[in-house]
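**Student:** Given only the sequences and the hints, what does the whole structure look like? Please build it.
These protein sequence lines are chains A and B, in that order. For what it's worth, the working numbering labels the leading residue of the first sequence as 1, then goes sequentially. For what it's worth, the working numbering labels the leading residue of the second sequence as 1, then goes sequentially.
Honestly, I wouldn't trust all of these hints.
Unchecked claim - Pulled from the structure, derived: some chain A residues nowhere near chain B, Cβ distances all over 12 Å: (1) D134; (2) G142; (3) D194; (4) R253; (5) N264.
What the hints assert, rightly or not - Pairs of lysine-lysine residues, derived as DSS-like cross-links and limited to a Cα-Cα distance of at most 27 Å, are as follows: (6) A:K286 x A:K66; (7) A:K286 x B:K363; (8) A:K93 x B:K363; (9) A:K91 x B:K247; (10) A:K52 x B:K137; (11) B:K247 x A:K294; (12) A:K224 x A:K42; (13) A:K286 x A:K42; (14) B:K247 x A:K67; (15) B:K112 x B:K137; (16) A:K91 x B:K363; (17) B:K363 x A:K74; (18) B:K247 x A:K93; (19) A:K286 x B:K137; (20) B:K137 x A:K74; (21) A:K188 x A:K225; (22) A:K52 x A:K93; (23) A:K52 x A:K210; (24) B:K184 x B:K174; (25) A:K66 x B:K247; (26) A:K52 x A:K42; (27) A:K286 x A:K52; (28) B:K110 x B:K137; (29) B:K363 x A:K67; (30) A:K286 x B:K247; (31) A:K224 x A:K210; (32) B:K363 x A:K66; (33) A:K120 x A:K133; (34) B:K137 x A:K93; (35) A:K120 x A:K286; (36) A:K225 x A:K263; (37) A:K42 x A:K210; (38) A:K120 x A:K188.
By construction, these hints were calculated from the structure, which means they are not laboratory data. Where a beta carbon is used, it is the ideal one built from N, C-alpha and C, also for glycine.
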Amino acid sequence: MIQSTNPAAPTGIVLNIQRYCSHDGPGIRTNVFLKSCSLRCKWCGNPESIRKNPELAYDPRTCSGKKACGLCLKPPFPEGAFYVVEGDDDKVKVNWDLAGDCDEANVALCPTGALSMFGKTMTVDEVLAEVEKDSSFYRNTGGGITLSGGECLLQPDFSAALLAGAHERGFNTAIETACNVPWRFIEKLLPHVDTVLHDHKLTISERHRKWTGVGNERILENFKKAYETFPDIDFIARTPLIPGVNADEEHIRSVLAFIRPHKNVIDYELLPYHRFGLGKYEHLGKVYELDDYKTPSDELVQRLQAIIDEAFGRSAAPSSTQGSNEEK
Amino acid sequence: MSTHKRRIAINVGAGFVPGINAVVIGAALAAGKLGWEVVGIRDGFDGLLHPQRYPDGGLLPLGPQLIEHLDPAGAGVLGQSGRVDPFHVRTVDADGMVDEVDMSDELLQKLKAQNVDALISVVGGQGLSILYKLQRKGLNAVCIPRAIENDVAATLVSFGFNSALSFTIEMLDKARQAAQSARKIAVVEVLGAQAGWLALQAGIAACADVVLIPEIPCDMEAVAATLREKITPRRPYGLVVVAEGAKFVAKAQAQAAAQPKNPLKASLSPLATGDASEHVIQRSGQAAETVANRLQLLIAEETFPLVLGPWTRGGAATAVDRQLGLAYGAGAIRALNAGNSGVMVAFVPPDIKFVPLAQAINKVRVVPADNEFIQTAQLLGICLGRALS
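**Tutor:** Have a look at this one:
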């Protein structure tokens, strides 16, 4: 958990604030992506959200090279953090094992912006000021703020303050979560939430452990407890659909069996696997483990969607790759 | 020269290469001659950091009885770990949450508690940086370079390269026979993300028609022109070897034009890209597929892509690697006995030398433009992707 230094005015580490979103809750929304995650899903599309603290990113496309610049090859940048390969192009490369000490002050010296930091510390008021810019859209569409990540429940004080502030302003509130946190974090936030978008990644615990790093017993327990403790919240289940991992009827039916007894789970959405996060892995010097995985076919998505539609008593009107975006 | 009895640990970094046992045997035998004790750390650093996972103990004493029965051609007496980075060890805390924690201090303490006063680590490029960091924290470390792609600088040959080269040549021979039989052009992707040694040397040995390496961005028009000349009714087949990191002269423009529009993208965070972006991780097989598809559009011949990829990492060690492994293992002990620390053992013919880690990191051993193998390829009429001066 990321602790705020002053509980009365909590600060959080924010990855990104994205306006005009339409998939993650009702109406037009502003998505606030928070840093830190307690899972390590191999398909993660937001690798920059995983670590707790702000971290270095490097985009070689905007690096002007050693001859034109070369600032990062000298102090005050950490020794050995950057280098140039002889015979290759002139652009700088990052030794990610030695560049961990780079901070915002270092990054600010990069004249082209090739170096940047993912994540910055913000106050609740700063975030809400940004969110408020679209308040007229929220009023007209029933929209509001969605906290995403990473795992927004890992910054419970900050997230709760943000959501309470949004409610005070009359905005709809939603969170995207995998619920792999202690219950005490969840019960702190949910009183301020209108909609919970929650991930059912894998049903079998051992397989969940293989693909995400931990089993799913506590996650399922949290889901069930949340459904029962907060009957007025709308819950929407989601599955990031990965062919070869969980894109099969058995998984979809088992999720349906779990959620359908709970009337406040109002929908179940499929998030077809995509590979739009791949470039970010390289910007962070991380290895993408699902190197050879393919996106699911429209036919497969439609077939699985039809099962969901039937379970929810809707006529099978399959959507294709609609839905949200940020797979966790 | 040290006279007191020392206890040395040895471990293996991430990534499999054939014949690692040869290095272990070399170190253990040389240490035994000095009266030193050698213990192996199982699975990278896991045997030390997580001993509870090993009912027989996370450290393996490499005494004479074990060593005399160890097969120098074999691999894996110490096992391997996917991640060998004590600064970012993935853990699950008491609350069931995954995190990466810095266990480097704990590692050093555990080595001390085991009376280990030096570590020999068989590592590739990234491992060198990690050992350099540990050395800066006070660890007596000697590294042995191990790289299938032979891209570790400061040594002529890394352990594992020769075995990979032999296997690649064998596979290229088979690919050429398949191409001959099918009357097509085989496009074979081999390992080599940053350096083209494997593609170049194997391509020469297999008498390939074209070899594409990362160091020489290739012009597909030039490649097509070469193949148009080489492929005749009497010889209606071809062999193209492409390193996985091969670069293409016109790539940026072509890919920018091919960038797909996707309804999801509007909601993605900044820097999100697609597979077709210029700057994404290239998946295995992409280079072969790209070259095969482009060639088929440019010339009136059929192509078929093949990917060696992880196949290259398996198999038995060659005679050269067995000798090199034994020499590197013994050389590491010699380095420690001479009082060296924070060095990499390097083969600089005819000598085994010790290079400071600070000089070994942040360098990639790429193929220079005037390299003898480049000249040989040109003399043999092998197209390297574009006209070279």
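**Student:** Against this structure, judge whether each hint is valid.
**Tutor:** Each hint tested on the structure:
no., hint, in the structure
1, D134, "15 Å, holds"
2, G142, "18 Å, holds"
3, D194, "20 Å, holds"
4, R253, "26 Å, holds"
5, N264, "25 Å, holds"
6, A:K286 x A:K66, "24 Å, holds"
7, A:K286 x B:K363, "19 Å, holds"
8, A:K93 x B:K363, "10 Å, holds"
9, A:K91 x B:K247, "15 Å, holds"
10, A:K52 x B:K137, "24 Å, holds"
11, B:K247 x A:K294, "23 Å, holds"
12, A:K224 x A:K42, "25 Å, holds"
13, A:K286 x A:K42, "12 Å, holds"
14, B:K247 x A:K67, "22 Å, holds"
15, B:K112 x B:K137, "13 Å, holds"
16, A:K91 x B:K363, "14 Å, holds"
17, B:K363 x A:K74, "16 Å, holds"
18, B:K247 x A:K93, "17 Å, holds"
19, A:K286 x B:K137, "24 Å, holds"
20, B:K137 x A:K74, "22 Å, holds"
21, A:K188 x A:K225, "14 Å, holds"
22, A:K52 x A:K93, "24 Å, holds"
23, A:K52 x A:K210, "22 Å, holds"
24, B:K184 x B:K174, "13 Å, holds"
25, A:K66 x B:K247, "21 Å, holds"
26, A:K52 x A:K42, "18 Å, holds"
27, A:K286 x A:K52, "16 Å, holds"
28, B:K110 x B:K137, "14 Å, holds"
29, B:K363 x A:K67, "18 Å, holds"
30, A:K286 x B:K247, "21 Å, holds"
31, A:K224 x A:K210, "23 Å, holds"
32, B:K363 x A:K66, "15 Å, holds"
33, A:K120 x A:K133, "20 Å, holds"
34, B:K137 x A:K93, "24 Å, holds"
35, A:K120 x A:K286, "20 Å, holds"
36, A:K225 x A:K263, "14 Å, holds"
37, A:K42 x A:K210, "9 Å, holds"
38, A:K120 x A:K188, "23 Å, holds"
The structure shown violates none of the earlier numbered hints.
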